[in-house]
Amino acid sequence: MWKSVVTAIAFLAMGGSAFAASAVNKDAQTRTLIVTEGGGKTELALAAGETVEFCPNGCFVTLPNGDLEALTGSETVEISGGVARIK
Amino acid sequence: MIFRLLRLILVAMVAVAAQPSLDAMAQAIGHGSAQLIADQTKVIQDLTAKADGLEKKIGDPGEDDAGLVDIRLQLEDISRAALNSALAFRSRLNDINNRIEVLGPAPAQGQQEPAIVANERAALTAEKAEINAVVASAQNLSIRISGLVDKIATMRSELFRSVLTKRYELTDALSPQGFSDAHDQFTGLYKAVASWLTFALKFKFQAILAATLMALALAAVLLIGGRRLFGRIFEPNPSVEDPSYLSRLSVAFWSTLLPTAALVVFFASAVFFFNYYNVLRGDIGTFLNALLAVVAMVFCVNRLTNAALEPRLPNWRLIPVATGPARWLVRLATAMAVVLGFNYFLSVVNEKMGSPLSLTIARSFVATIIVGVILILMGSLRPFRAEDGSRRPWPAWLRFVAIGLGLSTIAAALLGYIGLALFVSVQVVVTGTTLVTAYIGFLSARAIGEEGGFADTSVGRWLSVNSSYEDTALDQLGLVVSIAINLMIVLVFLPLILLMWGFQPGDIEAWAYKLATGVTIGSVTISVLGILTGIVVFAIGYFLTRWFQGWLDGSVMARGKVDTGVRNSIRLAVGYAGVALAGLVGISAAGIDLSNLALVAGALSLGIGFGLQNVVSNFVSGLILLAERPFKVGDWIVAGDVSGTVRKISVRATEIETFQRQSVILPNSNLINNAVGNWTHRNKLGRVDIKVGVAYGSDVRRVHALLLDIARGHPMVLKNPEPFALFANFGAAALEFEIRVFVADVMNGSIVQNDIRFAILDAFEDEHIEIPSTPRAVVETKKQESWPIDDDKIEVEFAERERLEAEAAVEQARLAKTKRRGRKPDPS
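From first to last, the protein sequence lines stand for chains Z and S.
In this text, residue positions in the first sequence follow the numbering used here: the first is 1053, and each later residue adds one.
In this text, residue positions in the second sequence follow the numbering used here: the first is 2, and each later residue adds one.
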């Protein structure tokens, strides 16, 4: 039975993070992402060190350097030094 | 078993959650960037063209509800495809950005850099701009599609409203022209069917025969298999005098579900095989589908009412109506289903044969009026038998609802609101049937969930014979089964009812998806799946903690001969830490952002600080107690007025049992802030003092020696520290001595005190040493007693006193005889 529990936890650990995209701001300043989701554009302001979950069903996001990227809703956007990277 | 199931669910969840667009990624690799841009531009152009086409289709006036839902689903697919095509650029964009970073920032004005670097930077920037332009077009497409989806939603609600509120002229429909139209229609239908029949019999007879037989075989497998599987609970047994409610329910439920399922399977497979053999031609397929659907519905309604009302077997009736009304109810319900089904079939025929509107109106008018009349008839039945033998009507609310619905249907039809009338009457039959079935299911779930309910079922009996489950386990299993049945009913019937109410499968699918992945309200996303995951994770964490606690305590620390107090502290600390950790992990797994909670906690901290001051202080004190361990479970402590043994140390309060066996719950802060005496802190060693006085003139040295002898002679008194006899005082009436002895277990102090006092008395008696007692002064009052007047009373009082003395003597003799040795007395 413990094997089952361990397996379940392992699966949860894998699956638990996949419910929404998340954005992490590792900079000391506030950074802004522009998220296009469901027909509307919203500005997502990330305070220093903040992590935000957004875009559960896929969206477009404009990164601080002006790049436009599509997200499926399972990625992590990491901003450091003003540059955003999608992982 | 449960965990295996859980694992399966989790695998499925993960499979759903982890669906990155692999094909888009694959496209990105291996193509040049220019090629990629061209490809995706093409893809997005195609998608835009598709969306254009669909937008035009939305504008068509003839589009009905199902068509609009279909368009919406296609639009959503396009939106997803646009997103996926934009995803294809990700790796290339990443490469470009990395490269630009390597090249470094553009030089300040006036400074030069090598031409090759400048060129590459320019090329990369240009490529990036191109990619961004393509992604932007995908984004625009997705925005546009969201707008279209919103537009479809408003259009659909308007369409629905217009169907319900549109008023038709009845005079046209019910004119002689209408009758001749109807005649034409029937002739047309007859011709179509007849020509198909001749064709089918001539050329496809064997195919029809084969298809029908195959479909029959399938249905028979289901029916016979079901009968074998569910056996007795399928058919009501007339010989059973008083069947239990549960068995009546299950018979009603299964005898509705199984034959209906068999019939549906038969029809579906028949249509499938007919299609397979190309038997159906032209409109006949549509007609046949409609006819079969109608027959299935009528059959289902008839089975259900028969099962619930059982006109032939009063014992098996679910609702205690009289036999006559039961028969009528079955007939009326079936008639209603037949009328509506026939109307539906005719509507399909009308649509296919392009008949005039007046015919549709006339048909719906007749059907709705009949349904309204049936509803009123049903409502005015007197189904229950009263005490005096007369018939009682339905409960008022049910009667009024039925008659009200019937009257409003008729009124709506007469006023020309045919759409509304038809909608109401169809809903009454279909939703009513579904609700009644679901309700019967709910009732049976409740009956199974009742105490002992599950053990009565055949599965329960089988389990109790073939497994080691006890009654309580079976009961809990019954509870689980009943919850599962409830859940299944909601999952099956809720979408069914929504479907009946005019929602489209696409809607329900989209809702289910939304519900599972999360509904966003403001900035908070609530998802059922997330919350369930959170609960599951917490439960797993909790059980893991308990198991770890037990293992640590029972295996590791018990073997390691760790002190009980330390064991207790560690066990508690591990338990609290584990539960807190499980809670935190569960909350994060549920998708609730802990930083949001922190914000709320910050805002409330002032209030909490004041309101929960005591609780928090006790909590912290509890943690300190666990760490510092001034006492452990089983210690004899004195805290203020409370003295007793510690029973349990928990995080808010400590339970102390006094020697009167009273449990005192002492808040931990009291134990931390105030002095606590612990008789058994390091060891149980304790001193017992016994005072005794001897008369002046006694031989005090002899007394001293005697006392020391007595103290030393007692087996419980420790040799080291040595017992000590103190010549304490020249008292007012006596020379006072005090024996001070140490005992190994202070809990035994009273026994030692008792023994020593008896020994002293005996020894002093032998040695003729007197223990003086201070006589109290007797103050004589001068007041004379009144002369007795009532001799009888005095005699009675005397006799009573004699009697009491005699009783006391008997009681003493009895006590001396039994001479029970009581339990060890408490130390104080």
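No lab work stands behind these hints: they were computed from the structure.
Treat the hints with caution; some may be incorrect.
Derived DEER-like restraints, expressed as beta-carbon distance ranges [as the list claims (entries may be wrong)]: (1) Z:I1086 <-> S:A35: 25 to 33 Å; (2) Z:K1139 <-> S:T42: 37 to 45 Å; (3) S:A35 <-> Z:K1139: 53 to 61 Å; (4) S:I666 <-> Z:I1086: 30 to 38 Å; (5) S:S606 <-> Z:A1100: 17 to 25 Å; (6) S:Q477 <-> Z:I1086: 47 to 55 Å; (7) Z:T1084 <-> S:R653: 54 to 62 Å.
All residues carry an ideal CB built from backbone N, CA and C; glycine is no exception.
Q: Any hints from earlier that this structure breaks? Give me their numbers in increasing order, please.
A: When the structure is compared with the hints, numbers 2, 3, 4, 7 turn out to be violated.
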